[in-house]
Structures are given as C-alpha cells and as structure tokens.
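Participant: Dock chain P against chain S, hints included.
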Amino acid sequence: MASQVFEHALNKVSKDSKIFAEKSLDILDQINFLMREEGWTQKDLSKKLGKSESEISKWLSGLHNMTLKTVSKLEAVFNRDILITPIKAKQRYSSIKFVPVKTVVFKSVAHFEEKRLDREFTYNKAS
Amino acid sequence: MNSFAITEFYNFDKVRFYTVQFTDIEFSETDRFIKRFESSDKYGEFLSDILSLIAQIGERGAQDYYFNRNENDFQALPNKEKARAAFQGENLRLYCLRLSNSIVVLFNGGVKDAPTAQESTCSIQFYEAFAFTKRISEALREGTIEINGNILVDYKGSTDIIL
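Keeping their order, the protein sequence lines are chains S and P.
Counting from 0, one number per residue, gives the positions in the first sequence under numbering that gives the first Met the number 0.
Counting from 0, one number per residue, gives the positions in the second sequence under numbering that gives the first Met the number 0.
Quick caveat, the hints were computed from the structure, so don't treat them as lab data.
Small disclaimer: the values here were computed from a predicted structure and weren't measured.
Just so you know, not all the hints are guaranteed correct.
For the chain P half of the interface with chain S, some residues (derived, Cβ under 10 Å), not all of them [what the hints assert, rightly or not]: (1) T6; (2) Y9; (3) K34; (4) E37; (5) Q62.
Virtual Cβ for every residue (Gly too), placed ideally from N, Cα, C.
Chain S extracted, bound-state conformation (with noise of 0.2 Å):
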C-alpha cells in the first residue's frame, strides 16, 4: 500500500521545488549523454576539470545545486551546450535555412509500384 505520509507531503511541495529536480536531472541526463558521446567516465571528466573525482561526483548526483558556474566550466571542456534559453535555442535554430528530409512523391499508383519495386520489375500502369 502506498504511503499516505509521503502522498500527503508530496501534494504540498513547491512548484519550484519540483522545477529544481527536474531540471537537476535534466541536466544530469544532458551530461551523461556528452560523456556517452565522447566515452568519458567520471574520472576522464574530473582530470579534465583538474578536479578531485569526489567533487565531480558530488556535482553528478541527483540534487547538487549546480551554479552557472560549474555549469559553464562543464559547458567548456565538453565544448557544447548544456543549458540553453528558449531565446537562445529559437535564435540558433531559426538560422537553420533546411533540414535535409527524403521524400517521395507518387504521381499515380503506377508510379508508386515503381518506386517500391526493384527498377527491373515490369509494371502495369494504371489507367
């Protein structure tokens, strides 16, 4: 059975209590991603910051009151965003003049047959 104790203090907490976790894990994920991508573990991330191994930890743990600071230092040894304002994100994406789609158009259903089957295959055109 659930616990009333913590459903009762859970309705009561802030919005921006609930605002700090999320975004504490957001940028946690955001993190571990650019680690991922450039095959980091915690200990390659604290030799680049020249920090203690314990200190990173403590940064990379659920609700470490992260200051734009670290944030930033973070930010430079990955070189790539970690935070970014909705200005920020319309301005750069909105200088983006096309994103590369495939498609195809299919003028008529022989057209289609055409385009799903092997170029050797005979088809009859539709009238």
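Facilitator: Positioned in the frame of chain S, the structure of chain P alone reads:
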C-alpha cells in the same frame, strides 16, 4: 539488528520504491524521516526537494548516475556496496539502496552536520542504512528474496518480506 519488513512505499511509472519498517514500530523508516522534517522551518524546503527528486526518478527510471555513491561516508565503510547511495537536499540526507532501474529501497536519514556522516547527527540512521543494505544484499545473494521484474518477492513468491 531487529527484524524488519520490506514494504512498498510508492509505485511510479518507471520505479517501484520500497521502504523498511521495524516490526515493532508503527511507521516505516521513510515515513519517520518525512514526519521528522516536513514541518521544519530549516529543513522543510530540502525535504521538498528530496520528495520531488523521488517523484522525478519515479517517472524517469532509477538511472545509476542519479545516485551519489562516492560520498566519503560510504567509502569509509568496510562494505563498499555499490548500490548504496543517498538522496540529498543540501545537508539533508535520505539513504537508499538502488537495486535496479526499477527498484529502489528507501531508508531513513537526517542532517549531515559534520564532515562525515559517522560524526553527524544522522550517524544512527547512517549505520542503520548500512545494516539494512547488508541484510538485503545478503538475502538477495542467498535467494531468500528475489527481484522479479520490478517486484521484490521472497523465495515463496510472496511480497510479504520480513528479514
């Protein structure tokens, strides 16, 4: 250590949280932790942060990297059980045992007001967490309890677990 029950604490989409309850005490250890700090002017906010974190993890899954287990406290103990960790809101700690991405056992905790937990006000809860972890880990190794998906069961398949 006295015998205790492992009981379901809260089941979220991705994580089933359990807690422990001494058989002669009315509330679970995690309920006792919440009741102790929920009305505190000084620690109430940190408790809120921890509760929010539990809910967030419940919805995302108990990823290994969400849990801090390199804290000096754990390294100082002879049993370096890797699954042992703590939720922390500033210097408030809630100790826990991560068993998988979908099962976490919550214990009790307290205020870490010294360089190590052993010297802190929360030293009793810290050592109890260590003892709970040891018993649960041993029970898993011996097959007394098993992980069945995201459910803990005893060797008979029952969810009523007493250790």
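Participant: Does each hint fit the structure? Answer for all of them.
Facilitator: Evaluated hints:
1. T6: Because about 8 Å separates T6(P) from the closest Cβ in chain S, which is inside the 10 Å limit, the hint holds.
2. Y9: The hint holds - Y9(P) has a Cβ within 10 Å of chain S, the shortest such distance being about 5 Å.
3. K34: holds, 6 Å
4. E37: holds, 5 Å
5. Q62: Hint on Q62(P): holds, closest Cβ of chain S at ~8 Å, below 10 Å.
Hint compliance for this structure: every hint is met.
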